[in-house]
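Novice: Chain Z is fixed; fit chain A onto it per the hints.
As they're listed, the protein sequences go chains Z and A.
Just so it is clear: in the first sequence, position 71 is 72 by our numbering, and no numbers are missing.
Just so it is clear: in the second sequence, position 281 is 282 by our numbering, and no numbers are missing.
Some hints here could point you the wrong way.
It does not matter which identical chain is used: a pair holds within one copy or between any two.
Unchecked claim - With a straight-line Cα cutoff of 25 Å, these simulated DMTMM-like cross-link-like pairs (lysine to aspartate or glutamate) come out:
| no. | residue 1 | residue 2 |
| --- | --- | --- |
| 1 | K179 | D266 |
| 2 | K179 | E269 |
| 3 | K130 | D103 |
| 4 | K130 | E250 |
| 5 | K140 | D297 |
| 6 | K179 | D166 |
| 7 | K140 | E250 |
| 8 | K140 | D266 |
| 9 | K179 | E271 |
| 10 | K140 | E271 |
| 11 | K140 | D251 |
| 12 | K130 | E281 |
| 13 | K179 | E281 |
| 14 | K130 | D251 |
Source of the hints: derived by calculation from the structure; they are not laboratory data.
Number of protein chains: 2
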Amino acid sequence: MNVIAIAMSAGALALAPSIIPPTPVPSAGRDEAATAISPGEIVAAAPASEWVAIAPEDMLVMTLAPAADGAVREVVIQLMPAPYGAGWVENIRTLARARWYDGIAVTRVQDNYVVQWGDPNAEDEAGAKPLPDGLRTMKEADYVVPFGQTRPRQRVVIMSDPYSDMAFYEAGWPLATKDGSAWPVHCYGMVGVGRGMSPDTGSGAELYTVIGHAPRHLDRNIAVVGRVIEGIEHLSSLPRGTGPLGFYEDPAQNVPIASIRIASDLPESERPRFEYLSTEGPTFDRYVEARTSRRDPFFITPARGIDVCNAPVPVRRVSER
Amino acid sequence: MNVIAIAMSAGALALAPSIIPPTPVPSAGRDEAATAISPGEIVAAAPASEWVAIAPEDMLVMTLAPAADGAVREVVIQLMPAPYGAGWVENIRTLARARWYDGIAVTRVQDNYVVQWGDPNAEDEAGAKPLPDGLRTMKEADYVVPFGQTRPRQRVVIMSDPYSDMAFYEAGWPLATKDGSAWPVHCYGMVGVGRGMSPDTGSGAELYTVIGHAPRHLDRNIAVVGRVIEGIEHLSSLPRGTGPLGFYEDPAQNVPIASIRIASDLPESERPRFEYLSTEGPTFDRYVEARTSRRDPFFITPARGIDVCNAPVPVRRVSER
Numbered sequence: 002m003n004v005i006a007i008a009m010s011a012g013a014l015a016l017a018p019s020i021i022p023p024t025p026v027p028s029a030g031r032d033e034a035a036t037a038i039s040p041g042e043i044v045a046a047a048p049a050s051e052w053v054a055i056a057p058e059d060m061l062v063m064t065l066a067p068a069a070d071g072a073v074r075e076v077v078i079q080l081m082p083a084p085y086g087a088g089w090v091e092n093i094r095t096l097a098r099a100r101w102y103d104g105i106a107v108t109r110v111q112d113n114y115v116v117q118w119g120d121p122n123a124e125d126e127a128g129a130k131p132l133p134d135g136l137r138t139m140k141e142a143d144y145v146v147p148f149g150q151t152r153p154r155q156r157v158v159i160m161s162d163p164y165s166d167m168a169f170y171e172a173g174w175p176l177a178t179k180d181g182s183a184w185p186v187h188c189y190g191m192v193g194v195g196r197g198m199s200p201d202t203g204s205g206a207e208l209y210t211v212i213g214h215a216p217r218h219l220d221r222n223i224a225v226v227g228r229v230i231e232g233i234e235h236l237s238s239l240p241r242g243t244g245p246l247g248f249y250e251d252p253a254q255n256v257p258i259a260s261i262r263i264a265s266d267l268p269e270s271e272r273p274r275f276e277y278l279s280t281e282g283p284t285f286d287r288y289v290e291a292r293t294s295r296r297d298p299f300f301i302t303p304a305r306g307i308d309v310c311n312a313p314v315p316v317r318r319v320s321e322r
Numbered sequence: 002m003n004v005i006a007i008a009m010s011a012g013a014l015a016l017a018p019s020i021i022p023p024t025p026v027p028s029a030g031r032d033e034a035a036t037a038i039s040p041g042e043i044v045a046a047a048p049a050s051e052w053v054a055i056a057p058e059d060m061l062v063m064t065l066a067p068a069a070d071g072a073v074r075e076v077v078i079q080l081m082p083a084p085y086g087a088g089w090v091e092n093i094r095t096l097a098r099a100r101w102y103d104g105i106a107v108t109r110v111q112d113n114y115v116v117q118w119g120d121p122n123a124e125d126e127a128g129a130k131p132l133p134d135g136l137r138t139m140k141e142a143d144y145v146v147p148f149g150q151t152r153p154r155q156r157v158v159i160m161s162d163p164y165s166d167m168a169f170y171e172a173g174w175p176l177a178t179k180d181g182s183a184w185p186v187h188c189y190g191m192v193g194v195g196r197g198m199s200p201d202t203g204s205g206a207e208l209y210t211v212i213g214h215a216p217r218h219l220d221r222n223i224a225v226v227g228r229v230i231e232g233i234e235h236l237s238s239l240p241r242g243t244g245p246l247g248f249y250e251d252p253a254q255n256v257p258i259a260s261i262r263i264a265s266d267l268p269e270s271e272r273p274r275f276e277y278l279s280t281e282g283p284t285f286d287r288y289v290e291a292r293t294s295r296r297d298p299f300f301i302t303p304a305r306g307i308d309v310c311n312a313p314v315p316v317r318r319v320s321e322r
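Looking at chain Z on its own, in the form it has when it is part of the complex (with noise of 0.2 Å):
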């Protein structure tokens, strides 16, 4: 058993939309005793006070270049909460701020690995972009915190986790623990700082986010700063660099972004609205349960285990107002 939870409790359930394998076909003679909700379906049953809107000065909104058919690509970026990333969160707001992100580039994608963009010029002392003032040095201490340092009324926790004593949910967020610290996960989604070979050297300027199996090793060597919680395929299906590291190996492959801003500093009306599932209600815990081991129709032997990154915690967007 790797899941224990520390709150239970019911909730009326309801149809929905789901992360379902291939080939979605009618029955044909399973064993109707041994099925169950899905996890969507879990969710999509979750009271209202169970959704966690989340601030708009937590969240990014970074404009790509429209596509060559002319479509808007939209990426939305959640910001992590202070303890963690916390200095970097800060230096992202200055450059967001600062406009500084304005016509930067995707440079970077790397199959099954990282999407990363920047300034294209950032190599070449004479053509890179000024950074703005107030940007902090963060040190190699700041890649974790000491766990325990904020206290959830309830935890999902995930006991068979190879990179670390345990990994476990927090105000929404995937972390780990172990020797007394604690860090954000590198799933799919993330965004992380890059940095170059010393760790003082990532200032926020560069931002990656992660397109492939969960990338662990990095955890606690890179920041992590938050995830995208919409419109990731704009980057995870961009072409794939052939230079080394999946650079892009001519400049004109960049993908430029158009604006990064905080979605608190745009008109109301522009700003979008997403919400999260606590990881702190009992619903959260049902869902990691059932991803644990799935009994909905389609599964013939419950696996019985789960890691971390394959619980995403759940987001979803409000479009009423």
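Specialist: Chain A alone, transformed into the frame defined by chain Z:
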């Protein structure tokens, strides 16, 4: 310590491309004593004797319709050796030899999940492509094989796997075991057989590959029959489908597949040649150990842990004949 190696020996070291984190920038004062060569460098130093040729009858060459710019898009898939996926692999050879796959299409691209291809008209009884004779019907029990049925001389074992008692590598493939059974695991790039709700519905006519975080909950629930060893970017960078489950809503979005051939059926001059790094040799053991605790210069804190999908078996194209 997550890796137990049953064989160990030394090997010469050389420099080679590797899987390295973002932003390779000159070092600034890292502890040189703490650093070591990268997993990629270890692999590059493997003697020729540790590379195993992939038999031409175990490779599929899938040719997509040319890209908009006319570029050739070829994907090479390695099929699993018996006993894993055996019945399905035989069906796939039958379908390929009947040229049944020619003219089917990629119909589904779901972000962080799978790319799937098959007959676009499969669910239209009148329009569906008739299947060739001689296909075997597989059953639930075929999703696993008895553990220990094959006996490699040495094994690299990963003890910490949330989805099994133990993950291991055998004859070049990542596997897991529990309750006396063993099965291939759903890592990035693995190829599986789409099926309906009933376990016996997957013939091999509909296939998928993983393009996101390992969906290990599918292990033992769908047949894994191979892996993409070249050209996955032609699939993983396709536009995501906007219909339910990532299916393309408009048939015009489907990506036609010109042909799928067994490499041994191609003229010898057109056959691709590939090798995998023996998982029973000393280099693979050192490679997994190095990926478990990265000590190459970029890293501050070695993970001291690994998951089986984060240590993919190295495969290389052999260009000279």
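Novice: Evaluate each hint against the coordinates.
Specialist: The hints, checked one at a time:
{"no.": "1", "hint": "K179 - D266", "verdict": "neither (38 Å within a copy, 53 Å between copies)"}
{"no.": "2", "hint": "K179 - E269", "verdict": "neither (42 Å within a copy, 54 Å between copies)"}
{"no.": "3", "hint": "K130 - D103", "verdict": "within (11 Å within a copy, 51 Å between copies)"}
{"no.": "4", "hint": "K130 - E250", "verdict": "within (20 Å within a copy, 42 Å between copies)"}
{"no.": "5", "hint": "K140 - D297", "verdict": "between (46 Å within a copy, 19 Å between copies)"}
{"no.": "6", "hint": "K179 - D166", "verdict": "both (5 Å within a copy, 22 Å between copies)"}
{"no.": "7", "hint": "K140 - E250", "verdict": "neither (31 Å within a copy, 48 Å between copies)"}
{"no.": "8", "hint": "K140 - D266", "verdict": "neither (29 Å within a copy, 57 Å between copies)"}
{"no.": "9", "hint": "K179 - E271", "verdict": "neither (41 Å within a copy, 52 Å between copies)"}
{"no.": "10", "hint": "K140 - E271", "verdict": "neither (36 Å within a copy, 53 Å between copies)"}
{"no.": "11", "hint": "K140 - D251", "verdict": "neither (33 Å within a copy, 50 Å between copies)"}
{"no.": "12", "hint": "K130 - E281", "verdict": "neither (43 Å within a copy, 50 Å between copies)"}
{"no.": "13", "hint": "K179 - E281", "verdict": "within (21 Å within a copy, 32 Å between copies)"}
{"no.": "14", "hint": "K130 - D251", "verdict": "within (19 Å within a copy, 43 Å between copies)"}
Figure legend: structure checked against the earlier numbered hints; hints not met, in rising order: 1, 2, 7, 8, 9, 10, 11, 12.
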